[in-house]
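Engineer: Protein chains in written order, with this note's numbering: chain X, 1 to 403; chain B, 1 to 223.
Some clues are possibly wrong.
What the hints assert, rightly or not - Calculated from the model, a selection of chain X residues having no Cβ within reach of chain B, i.e. all distances over 10 angstroms:
(1) LYS19
(2) ILE88
(3) PHE224
(4) ALA260
(5) THR326
(6) GLU346
To be verified - Pairwise CB distance ranges, derived in the manner of DEER restraints:
(7) X/ASN357 x B/SER9: 20 to 28 angstroms
(8) B/ASN140 x X/THR195: 43 to 51 angstroms
(9) X/ILE337 x B/LYS169: 31 to 39 angstroms
(10) B/ASN83 x X/PHE71: 51 to 59 angstroms
(11) X/ILE337 x B/ALA222: 38 to 46 angstroms
(12) X/GLY83 x B/GLU73: 24 to 32 angstroms
(13) B/ASN83 x X/ALA260: 48 to 56 angstroms
To be verified - Pairs of lysine-lysine residues, derived as BS3-like cross-links and limited to a Cα-Cα distance of at most 27 angstroms, are as follows:
(14) X/LYS128 x X/LYS60
(15) X/LYS168 x B/LYS8
(16) B/LYS169 x X/LYS304
What the hints contain is simulated information worked out from the structure, not anything from laboratory work.
Built from N, CA and C at the ideal position, the CB exists for glycine as well.
These are the residues of each chain, in order.
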Amino acid sequence: MISRYSGIAPKGDLLLIRKLAENLRGKSFLHVNSTRSGGGVAEILQRMVPILEGIGIDAKWEVIEGNERFFDITKKIHNALQGNPEEITPEMWEYHFEVNRSNAANLNLDANAVLIHDPQPLPLIEFKKKGKWIWRCHIDLSNPRRAIFQSLRRYCEKYDAAIFSVSKFAQAMPVNEFIVPPSIDPLSTKNRELTQEEIDETLLKFQLPADRPMVLQVSRFDRFKDPLGVIAAYRAVRKYNDCFLVLAGSPATDDPEGEAVLKEVQELSAGDPDIHILLLPAFSDIEINALQRSAAVIMQKSVKEGFGLTVSEAMWKGKPVIGGATGGIPLQIVHGITGFLVHSVEGAAFRTRQLLNNPEMAKKMGENARESVKNNFLITRQIRDYLSVWYSVENEGRSILAL
Amino acid sequence: MEKTAELKSFEFRACVSLVKAMGKKATTLRELRDLMASVSDNSILHHTCEYFLKGHILEHTNDFAQWAAEGLEERALAEHLSNIDSFGFNRVEDLRAELIRVIEDYLEKFPEPREAMEGDEFYFLQAVTLIFPLGIRAQNLAEFLLGMRYVEAASISYHFYEARMLFGKGVDDFSVWVEEALGKAELAARIRSIDPFMHDAEGIRSHIIAEIEAEVERDMEAV
């Protein structure tokens with residue numbers, strides 16, 4: 001499996017993965033999360049576990065089970081950790097713990113290293129028998145509801161280490177806290193190379209012109225992604241440049257706020273044949289890939305963002321991205337080198353005009369963007385980092401590790 | 001005189017910095033100064049000497065200068081901090097003291113600097129460094145030149161930046177080997193004169209290759 005990434009991922013990353021695997025060969029590495037499919041964590045585990053097995057690690061993946069009540073509670077916890085006001089009663093905390101207790105009785109948690117993903121299975125630490133236990137938090141914890149995090153802290157502090165995506169998400173705790181950004185898989189359907197036929201098929205399917213520059217944003221119809229701002233920026237660009245706009249996202253059937261935003265987007269774009277609103281069903285990976293590869297300029301004009309991996313997805317396709325300067329986007333875009341960071345509709349419009357009028361600059365920026373993703377945001381780097389964290393926890397107290 | 005006896009080969013290596021949060025952040029320049037005085041040596045080195053491993057645009061020379069410019073918008077302070085030669089100190093304590101002195105001087109002249117906006121705070125980090133061999137060895141200058149041409153940029157960064165501060169040598173690995181194994185003191189001096197603050201890894205690679213090619217040419221002319 002890992003050899004499939006030769007020539008794609010940096011050689012150094014592949015070498016270090018092999019070196020770490022030599023040291024950890026035959027040991028068991030268990031991942032535990034709360035869903036087998038859907039969402040970024042499951043998506044990356046589906047790809048990562050076979051790669052780990054391929055390099056001689058006894059990799060396992062367990063999923064905790066819970067009923068609707070459990071997942072309602074964990075959704076509230078998730079929202080509160082991202083800063084939303086939520087009330088979690090003592091009974092709810094107790095239920096969160098009890099569901100984990102019954103899962104612990106059913107799951108085989110014996111492993112040399114155990115990586116627990118997100119807050120749903122966090123209390124499993126109370127049932128640790130052996131090995132090094134690491135909590136992997138994928139959530140934006142930069143501004144959590146303090147009381148909620150305090151209730152989780154009793155579990156966090158029992159782990160051997162914690163991993164956060166961005167340094168500002170880390171909390172002051174008496175455990176080792178590592179920073180490991182998320183990643184994309186260059187071989188997945190969403191990111192692999194496409195043939196021209198595959199790209200043309202998608203353009204035909206959505207009746208999009210192949211001979212005019214496309215400005216694209218791929219995101220949920222969510223206020224934080226600012227689709228209305230994207231339309232305003234596009235209209236400002238149209239005064240000077242011929243182009244068309246594509247807003248592609250999944251319909252938010254379970255999110256009343258999302259439906260309202262979509263309605264506003266549809267009203268604002270009504271009557272403009274050059275604005276295409278594409279409601280893509282889940283798993284439209286090949287279509288998203290083709291749209292990104294067809295676009296002249298890609299926007300991620302978020303006003304609030306977790307990490308925003310769609311930015312890396314677009315950059316991997318050699319596209320210059322105009323991103324809102326928020327969340328994890330500034331970690332992915334080096335302003336003026338691998339894309340542009342913007343703070344307003346006006347900024348987004350200006351940078352779009354700049355890219356449309358300077359195809360050479362856009363091309364160079366796209367090349368820089370792809371190189372940056374290659375070095376920093378591919379799945380091989382994340383595997384390298386997970387193994388490094390494990391190896392570092394096994395060698396606690398040493399800041400230089402020679403392999 | 002050049003050494004002809006048994007040569008110690010040069011093993012190309014690379015490193016990866018695994019970043020750790022320290023749970024400490026500064027919103028103001030005074031907080032930065034106070035925390036700077038108490039954080040680990042590893043953290044000071046991570047924010048200064050390891051700056052070049054992170055692939056920044058070379059507008060500053062350390063994380064503190066970058067934050068002063070972009071987080072606090074105190075451009076003059078950023079220039080002062082960027083002017084500190086972080087590789088020029090034998091002890092981390094001395095580097096730490098110089099950073100603090102520059103901030104204190106600035107605070108004396110400008111006692112009310114701006115505060116960072118929410119989300120732009122300075123987060124103190126430290127690193128665990130994993131070092132690994134690339135499986136490429138050079139026994140002589142020709143093999144070394146080939147290695148320099150083809151190893152990954154990460155290896156150039158490791159030998160030129162990271163190694164000089166990891167083991168307290170103060171100089172890069174390349175010039176040490178050229179001098180000690182090949183006896184080429186002048187070539188070593190020319191490699192040491194490359195300004196570490198003015199180039200990225202590819203720039204360092206080009207300069208060293210140019211110096212070696214010139215050396216090989218001189219050797220051939222001498223024959």
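Engineer: Give a verdict on every hint.
Structural biologist: Hint check:
With a least CB separation of 5 angstroms from chain B, X/LYS19 falls inside the 10 angstroms interface cut-off, contrary to its annotation. Once the 10 angstroms rule is applied to beta carbons, X/ILE88 is consistent with being away from chain B; the minimum gap is 24 angstroms. With a minimum CB-CB distance of about 15 angstroms to chain B, X/PHE224 clears the 10 angstroms threshold, and the non-interface call stands. No beta-carbon of chain B comes within 10 angstroms of the beta-carbon of X/ALA260; the shortest separation is about 27 angstroms.
The claim that X/THR326 lies off the interface is violated: its Cβ sits roughly 8 angstroms from the closest Cβ of chain B, which falls inside the 10 angstroms cut-off. With a minimum CB-CB distance of about 20 angstroms to chain B, X/GLU346 clears the 10 angstroms threshold, and the non-interface call stands. At roughly 53 angstroms, the beta-carbon separation of X/ASN357 and B/SER9 lies outside the given 20 to 28 angstroms, and the hint is violated. For the hinted restraint 43 to 51 angstroms between B/ASN140 and X/THR195, the CB-CB distance of approximately 47 angstroms keeps it satisfied.
In this structure the hint that X/ILE337 and B/LYS169 lie 31 to 39 angstroms apart at CB holds, the actual value being about 32 angstroms. At about 55 angstroms, the beta-carbon gap between B/ASN83 and X/PHE71 stays in the expected band of 51 to 59 angstroms. Between X/ILE337 and B/ALA222 the beta carbon distance is about 44 angstroms. The supplied range of 38 to 46 angstroms therefore holds. At roughly 26 angstroms, the beta carbons of X/GLY83 and B/GLU73 sit within the given window of 24 to 32 angstroms.
The supplied range of 48 to 56 angstroms is met by B/ASN83 and X/ALA260, whose beta-carbon atoms lie about 54 angstroms from each other. A distance of roughly 16 angstroms separates the Cα atoms of X/LYS128 and X/LYS60; the hinted pair therefore holds under the 27 angstroms criterion. Straight-line distance between C-alpha atoms of X/LYS168 and B/LYS8 comes to about 45 angstroms, which puts the hinted pair past the 27 angstroms bound. Of the pairs offered as hints, the one joining B/LYS169 and X/LYS304 is violated, with about 45 angstroms between alpha carbons and a cut-off of 27 angstroms exceeded.
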